[in-house]
Amino acid sequence: MSRQLSLSPDPDSGAPPTPEGGGRRPLGLARESTLRRRLMARDEQALVELIELASPWLLGLVQSMLRDQDEAEEVVLEVFATAWDRVGTLGDEHDALLPWLLRIARNRAIDRLRRRRRWRLKLDRAKAFGEVSADRVGPREVNEAAQPGWHVHETVHAALARLPADQREVVRLAYFEGLTHSEIARRLDLPMGTVKTRLRLAFDKLRVTLGSIKDWIA
Amino acid sequence: MTAHDWYTENRAGFVARSLEPDEERTFRDHLARCEECRREVEALERELGWLPMAVRPAAPAPGFARRTAAEVLDRRSRWRRRFPLAAAAVLALAAGTAAFGARREGRELRVQLVRNEVRLAALQDTLSVLRRANNVLQTRISMGGHQGGMLIFQDAASHRWCVIVHGLPPAPVGSKYQFWFITESGMVRSVEVNADPSRPAIMTLPMPGVRAPVMGAALTMEPMRNRSDEPEGVTLAHLVF
Chain A
1 MSRQLSLSPD PDSGAPPTPE GGGRRPLGLA RESTLRRRLM ARDEQALVEL
51 IELASPWLLG LVQSMLRDQD EAEEVVLEVF ATAWDRVGTL GDEHDALLPW
101 LLRIARNRAI DRLRRRRRWR LKLDRAKAFG EVSADRVGPR EVNEAAQPGW
151 HVHETVHAAL ARLPADQREV VRLAYFEGLT HSEIARRLDL PMGTVKTRLR
201 LAFDKLRVTL GSIKDWIA
Chain B
1001 MTAHDWYTEN RAGFVARSLE PDEERTFRDH LARCEECRRE VEALERELGW
1051 LPMAVRPAAP APGFARRTAA EVLDRRSRWR RRFPLAAAAV LALAAGTAAF
1101 GARREGRELR VQLVRNEVRL AALQDTLSVL RRANNVLQTR ISMGGHQGGM
1151 LIFQDAASHR WCVIVHGLPP APVGSKYQFW FITESGMVRS VEVNADPSRP
1201 AIMTLPMPGV RAPVMGAALT MEPMRNRSDE PEGVTLAHLV F
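Chain order of the listed sequences is A and B.
Numbering of the first sequence is given in my numbering, commencing with residue 1 and proceeding in unit increments.
Numbering of the second sequence is given in my numbering, commencing with residue 1001 and proceeding in unit increments.
It should be emphasised that the hints constitute simulated quantities derived from the structure, not laboratory data.
Treat the hints with care, as some may be off.
Derived SDA-like pairs: lysine to any residue, alpha-carbon spacing no greater than 25 Å straight-line [claimed, not checked]: (1) A:Lys205 - B:Arg1046; (2) A:Lys214 - B:Ala1059; (3) A:Lys205 - B:Thr1008; (4) A:Lys205 - B:Glu1036; (5) A:Lys205 - A:Arg168; (6) A:Lys205 - B:Arg1017; (7) A:Lys214 - B:Arg1011; (8) A:Lys205 - B:Leu1044; (9) A:Lys205 - B:Arg1039; (10) B:Lys1176 - B:Arg1189; (11) A:Lys205 - B:Glu1045; (12) A:Lys205 - B:Glu1035.
Derived coverage of chain A by chain B (criterion: at least 3 residues anywhere in the stretch with Cβ under 8 Å from a Cβ of chain B; other residues may be distant) [to be verified]: (13) 56 to 66; (14) 146 to 160.
In this text, a Cβ means the ideal position worked out from N, Cα and C, and glycines have one as well.
Just chain B, same shape as in the assembly (with noise of 0.2 Å):
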């Protein structure tokens, strides 16, 4: 799971703009920097443009065509005489804009522009979810001589998790590190944990599918053959919000 699969997740929630408002600000964020999403919501919007027409038309009121014309036609002069410096300025920015923008030409520069672009928008959303965490916990963890610890960014906003696993030896052959959420109805399980002592594993997780509010979040040491809801091993961190 990685932070993008919660705006691959939202497409269609963009779509029908039922996204909560702070939701959908994040997402028309990431919107300008991620070319994939902007394409796929694009053809979404597309695809499912003739949905409106779910509806029944109604007569519109007799007239309605001519004043609505006048109306259109009417504000676009008013625009015209008020603001004529205003649209020379904006003309002459658009055409800088343009003549900069030319310039910049060249495949191995633009190839590069989209690496760091595509590398850049998977940092900001990671780091979207730490900087709008409003609860942090941490703990630390002891094992095998090693002294790490867990820590977890909440963002209720965008119901995400940033979880970071770090200064943990590598699980002991068949076993495997578990990461837990707690719910008022029990322990649901969520992902694997691969540790690597030289380097933290970050983790970015949506809240699981279960209608039981989550209350918190427990890494265990699970033998490999564990696939069952429950716990079976040892509890290495017990975090509660």
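Here chain A stands alone, though its shape is the one from the complex (with noise of 0.2 Å):
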């Protein structure tokens, strides 16, 4: 089946899909408001401008943790594909739709790393690909600072630089690979209860900084 689908920015949404520049747009906040007003209206245009602001987002989380680009996007299409059926279920202005599609993203990455891993190919593909970083760039060259939320990326970097290494280290283990308490304890050769305790400390400084990001989309 084919679709007549224009890649060229929406009238109504004041601002190009990719900006030219890396400063902050003022019109974040609004744009996405517009956005998901549109999405609801189940308006096919908004469906692929929120595909060209998010993809990159979720197909560098889903490759650093699958390792595998092919599979990444599988997955990004599945989200896509659930965030156009759910997203009536979005609530208000808080469940901003960047962070509802990286959690959905996030959860599907971890369910196939896991099935993976019960498959024991994970260390193949892990030799394959390389040490896994969540500084890793993508396999494709992309102008990050033009990037809509790029300046979100530098906020969560330093809000993750600014945390102890030890804490962060379990945080990577656990948020990014998705190893279970079980297993970053064995790896790190720690008591659970120490593995637990730094996630925890480490969650509670993050949800600090990190809970009063709201505009994306500049």
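Relying on the hints, combine the two individually framed chains into one complex.
Right, dumping it as structure tokens:
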């Protein structure tokens, strides 16, 4: 089935899908609000716009977790299919679009990682793709500073960098590699209680910093 | 320490998805019946919602947005063609449920319902440890003419124990009942037990935060002044798995 979907900017959005520079724009929240309304009204052009805005972040996250570009694209497709079906269930403006999509994507990626671990394929893939890092750059070049949401990335990165190294390591393994408490405890040779405590302390700090972020389309 | 403390301690792990699969299922079951945990988990998920953006973006392949949008819309229309009756049935069921729910309004009824739900949730949390226990130990204890005992249910999945001490008289003045974990590296102090012969003392305990494996448990009668990491008093029960 083919559809004619324009990739040109939406005239109501007040800004093109991809900014020309890295500076923040003040219309981010208003634009997201408009985008949500259009998605709820089943505006197919709004879906295209959302995919253009969010897919670099979703692909970056899922590729870094799965270390497989094709599988990451499958997951991101599933995320947008879910979002298109469920956008009506999204709450008020406190539930921003991008975190919602990222949460779905991370959960799907973890499900696949665990399935893959059961098949004992993880080690081979890791060897083929190299060491994991939350800083890892995607396989294709992207003009990062021009990417909508780049300022959020910098804020989150700074918040993570301020954590004590031992807490940051537990967050990396739990949140970005999908390891369980017991797997982290084995890998770091720590009691499980220590792993849980470090994760809890790190989250307490992060939620203070990250809880105030609202505007990402800038 | 109550059964609910385990859920409080593991909210961060649930949000990170770092609980073991069976723990995650247990936690998810609990969320369905605990408003407090549901609220806290939702807040934590919302406040940490931007955390995945620590990872750098990756440029999509050319045409990715167009292909993805077309596939999403195509899936949707396929679903619509294939399942119109199912959709109608779901809508009818949702409408019926909503109508039924609307009739059950009434402030007193709702308050009573919430109270009952809280009590039920607490009972279910305790029962979940008992039901899932894969090790059960018991021993008799004679104390001051009373015949009592100690019963331990070990739930290896959630790393919790439900400990029941029954039939014992209150501790003499200046003394206390003290519960200990026995580990490979020695005794680890746990909770003080308030004994009452008319009702059992039921405690749900997490594993101690030590690296050595837990091998069993002991109950001692300690002088009130003893705050050390070693028992000084009389051993009343000594159970090893």
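Below or equal to 25 Å on CA atoms is what counts here, so check Lys205 (chain A) against Glu1036 (chain B). 21 Å, holds
For the pair supplied as a hint, Lys1176 (chain B) and Arg1189 (chain B), is the alpha-carbon distance within the 25 Å limit? Between Lys1176 (chain B) and Arg1189 (chain B) the Cα gap is close to 13 Å, so the pair holds against 25 Å.
Do three or more residues from the segment 56 to 66 of chain A put their C-beta atoms closer than 8 Å to C-beta atoms of chain B? This one holds; 7 residues, not fewer than the three required, reach chain B with a Cβ under 8 Å.
Please verify whether Lys205 (chain A) and Arg1017 (chain B) have alpha carbons no more than 25 Å apart. With a Cα-Cα distance of about 18 Å, the restraint between Lys205 (chain A) and Arg1017 (chain B) holds, given a limit of 25 Å.
Restraint check for Lys205 (chain A) with Leu1044 (chain B), where alpha carbons must lie at most 25 Å apart: OK: Lys205 (chain A) and Leu1044 (chain B) at ~11 Å, within 25 Å.
Are the Cα positions of Lys205 (chain A) and Arg1039 (chain B) separated by 25 Å at most? Given that 25 Å is the threshold and the Cα spacing comes to 19 Å, the pair holds.
Coverage criterion applied to the segment 146 to 160 of chain A (partner chain B; beta-carbon cut 8 Å; 3 residues): holds (count 9)
Take the C-alpha atoms of Lys214 (chain A) and Arg1011 (chain B), compute the straight-line distance between them, and say whether it is at most 25 Å. Since the Cα atoms of Lys214 (chain A) and Arg1011 (chain B) sit roughly 23 Å apart, the hinted pair holds (cutoff 25 Å).
For the pair supplied as a hint, Lys205 (chain A) and Glu1045 (chain B), confirm whether the alpha-carbon distance does not exceed 25 Å. Distance ~14 Å between Lys205 (chain A) and Glu1045 (chain B) Cα, so the pair holds.
Holds or violated: Lys205 (chain A) with Thr1008 (chain B), Cα cutoff 25 Å? 17 Å, holds
Between Lys205 (chain A) and Glu1035 (chain B), is the straight-line Cα distance small enough, at 25 Å or below? 24 Å, holds
Between the alpha carbons of Lys205 (chain A) and Arg1046 (chain B), is the straight-line distance 25 Å or under? The hint holds at about 14 Å.
Going down the numbered hints, you'll see the structure goes against none, and every one checks out.
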